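Participant: Top to bottom, those sequences are chains A and B.
For the first sequence, the residue numbers in the working numbering are 29 to 120.
For the second sequence, the residue numbers in the working numbering are 22 to 171.
For the record, the hints were derived by calculation from the structure and aren't laboratory data.
Careful: at least some of the hints might be erroneous.
[To be verified] Computed list of chain B residues with no C-beta within reach of chain A, every gap over 12 Å:
1. Gln39
2. Glu91
3. Glu156
[Said to hold, decoys possible] If you want the footprint, here are the derived chain A segments under chain B, 3+ residues with CB under 8 Å:
4. 81-88
5. 106-112
Remember, it's a predicted structure, so these values are computed and weren't measured experimentally.
For glycine and all other residues, C-beta sits at the position ideal for the given N, C-alpha and C.
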Amino acid sequence: MAYIKIPTPLRQYTGNQAEVAIRGATVDEALRDLVARYPALAPHLYEGDDLRSFVNIFLGDEDIRFLQDLATPLSEDARLRIIPAIAGGMSF
Amino acid sequence: MEIVLPRPAEEQALAHLQAAYPNEGGGFLLGHQQDGRVIVLDVIPVANVFSAEEQYHRYAMRPEDWMALEDQAEARGLTLVGYFHSHPDSPAVPSDYDRLHALPNFVYLIVQVDQGAVQAARAWILVEDRSRFEEQTLVRSDAGGSWQIH
Chain A
29 MAYIKIPTPL RQYTGNQAEV AIRGATVDEA LRDLVARYPA LAPHLYEGDD LRSFVNIFLG
89 DEDIRFLQDL ATPLSEDARL RIIPAIAGGM SF
Chain B
22 MEIVLPRPAE EQALAHLQAA YPNEGGGFLL GHQQDGRVIV LDVIPVANVF SAEEQYHRYA
82 MRPEDWMALE DQAEARGLTL VGYFHSHPDS PAVPSDYDRL HALPNFVYLI VQVDQGAVQA
142 ARAWILVEDR SRFEEQTLVR SDAGGSWQIH
């Protein structure tokens, strides 16, 4: 089983668990498993079928964009983490 | 929901945002949530890493900052309860850009800074379906108690 750490604002959708066990051979499979187990997470992680642009996924200390992105393979004891990209600004 | 903001934390956040003017500034709110209230206990200013020429209307922080500060907050028995940022010479109202990058259950404290001086601070939370923000009641507190301004 791999594990994924949930950011504070989304923990209410995982029964207030900070870290949950998930299954998957790749990051993509593991994230799909996560939202299958906790469907209320889906609208905040995905836009349609794609991961939202402000959602960063780290494997250990590495952003998966610098690995093989969603195709990054996972070991049995992999530790993933969801990190929201905080951004804001005026309308124009 | 009530957002309780102690005066020293507010002063620290506002000083950071005034110093950032005419660019946007921001940072995290640390604290905890209990009995339908968010209690802010500390603020951590975080550098704006948006490209320099866009910082007058955009703010962003590195994901590594979230990761480190979430770990630090938890080590102190706190959680990240929200983030604050400024809108220079613009109302303290969330933009569509803010909404697209927001999460629910997280306080967005937006501060209007006009010509380097703070004009207004308002607190918002994204609704569950992500369609809009709802304004929250911001309560300033000090050692002698608390009072409500919105």
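Participant: Look at each hint and say if it fits the structure.
Facilitator: Checked hints:
1. At roughly 17 Å, the least C-beta separation between Gln39 of chain B and chain A is larger than 12 Å, which holds for a residue marked as non-interface.
2. Look at Glu91 of chain B: its CB is around 7 Å from the nearest CB on chain A, not clear of 12 Å, so calling it non-interface is violated.
3. Its beta-carbon lying about 16 Å from the closest one in chain A, Glu156 of chain B satisfies the requirement of being farther than 12 Å from that chain.
4. Coverage of the region 81-88 of chain A by chain B holds. Counting CB-CB distances below 8 Å, 3 residues qualify, and the rule asks for three or more.
5. Here's how the region 106-112 of chain A fares: 3 of its residues keep a CB closer than 8 Å to some CB of chain B, so the rule of at least three is met and the hint holds.
Hint 2 from the list above is the single one not met by this structure.
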